[in-house]
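Chains as they are written, first to last, in our numbering: chain Z, 7 to 272; chain E, 847 to 1045.
If you are wondering where the hints come from, they were derived from the structure by calculation, not from laboratory data.
C-beta atoms are modelled at their ideal positions from N, C-alpha and C, and glycine is treated no differently.
A couple of the hints might just be wrong.
Partial list, derived from the structure: chain Z residues whose beta carbon lies under 7 Å from chain E [stated by the list, open to error]:
no., residue
1, 165
2, 171
3, 173
4, 177
5, 181
6, 217
7, 252
8, 259
9, 260
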Amino acid sequence: MITLSALDLSLAACLVLALAALSWRMRLGLSGQLLVAAARTVVQLLLVGLVLKALFAHVHLLWIGGISLVMLLAAGREVMARQQRRFTGGWGFGLGTGAMFVSSFAIAILTLVTIIGADPWYEPQYAVPLLGMLLGNTMNGIALALDRLTATAWQQRAVIEQRLMLGATRHEAITDIRREAMRSGMMPIINAMSVAGLVSLPGMMTGQILAGSPPVEAVKYQILIMFLISAGTGFGVTTALWLAAKRLFDERHRLRLDTLNSPRNY
Amino acid sequence: MSRLQVNELRTHGRGPYSLYIADGECVSLRGPSGAGKSLLLRAIADLDPHQGQVQLDDTPCTQIPAPQWRRRVSLLPAESQWWADEVGAHFAGRECPWLRPLGFGPEVMGWQVSRLSSGEKQRLALARALMNRPQALLLDEPTASLDAANVAAVERLVAGYRTDTGAAVLWVSHDAAQAERVGARHLWLTATGFEEDRP
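Only chain Z is shown next, with the shape it has when bound in the complex:
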């Protein structure tokens, strides 16, 4: 395995700097954002590297639980931040976070215990990256789907209420919109699975191959991860949409858009 030196990384950083200079020259207004994001990547990943190093040295369920919780809360915040119209009160954060917790943690634990079978099952070398992969992708799916659901419900409130007036239940009145939201939440992972290996080499597999793993081993892990991600995203999105669609109505089947905040920056 060829290890990377600080000089190697600096050379790659020069490319980002060059891009920032170009963007500044063309007045795209992106250079600031680009540099901040690049700096964040360095700092956050270095910190995580240190944390993982410490974690691998002290294998304890409590430590794993702690870092899992931090990851979950960060993902939950991200889902909330991406909503144009989020639910008011604790629901804004709790809904997406709860759905991610249920699907990602359930699938991660199931996989660790039954498929990977490390000893102990929470061996951080497997548990942390697996959960990270699951959370990251489930987060994307849920954020997209929730945003689609609430934005469409807002735009089409007259149609939803028309269906209610004609005697539809809340479930019938929102079912088309929920189906659309489900599609937009699942589309990224379905696309990723369809083109995997043809158009793109998935990042995880690429990393493993670069780090010296035999390609077929890397491929097997990648297939496992893809399946887990699609299941995790699917169950997570389903749970989030089920909760959100319920939350949009009250027990008398009235559309209650007052459960949503108005969007920011409007």
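Assemble the complex: chain Z is given as a structure, and chain E must be docked to it using the hints.
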């Protein structure tokens, strides 16, 4: 045979409104725009949170599931909404006996909603609402975009439905002459209640 009874209804800071419509009776409702006519109809159809009681015959609104209530107490909004591409999908493929009196042939079921005029939409929305065989009708300016011949057709149809089924009708209209024609009694809406209206 259904009577609609509204007791001390409050919604969106308006009211209390009390109202009684006998079976087979049509009551006209007018009032300045912004007085809350549509809000009142929405509350009666249980689409908005409200205080007070609404009752159809001896059944209070709260005693049956809301969807069932809305099939019995049908609100026809001023602007109808359509979710499918074809008209027929909104009738779930069932035969609709009210198309002919409203001037449509059976081929209307295959028409594209996007190509309907606002008048056609308004008449089809009435036919669609009647498919639930409601026992009370809440009509929010049901003839606003119709020509004289179609206004007459709608008025005739609603009167016929009312006498055939004994449904109670609350008819919101801006037109004093129409209110006079369709209603046996006439109400004028204010922010705090009803007054007798003499169109």
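Hints versus structure:
1. 165: Hint holds; residue 165 of chain Z Cβ to chain E Cβ min 5 Å, cut 7 Å.
2. 171: Constraint on residue 171 of chain Z satisfied, holds at 5 Å.
3. 173: holds, 4 Å
4. 177: Residue 177 of chain Z check fails; min Cβ-Cβ to chain E is 10 Å, beyond 7 Å.
5. 181: At 11 Å from the nearest chain E Cβ, residue 181 of chain Z fails the 7 Å test, so the hint is violated.
6. 217: It is violated, given that the least Cβ distance between residue 217 of chain Z and chain E is near 52 Å, above 7 Å.
7. 252: At about 15 Å, which exceeds the 7 Å cut-off, the nearest Cβ of chain E leaves the hint on residue 252 of chain Z violated.
8. 259: holds, 4 Å
9. 260: Holds, about 6 Å.
Violated hints, listed in ascending order, are 4, 5, 6, 7; each of the other numbered hints is respected by the structure.
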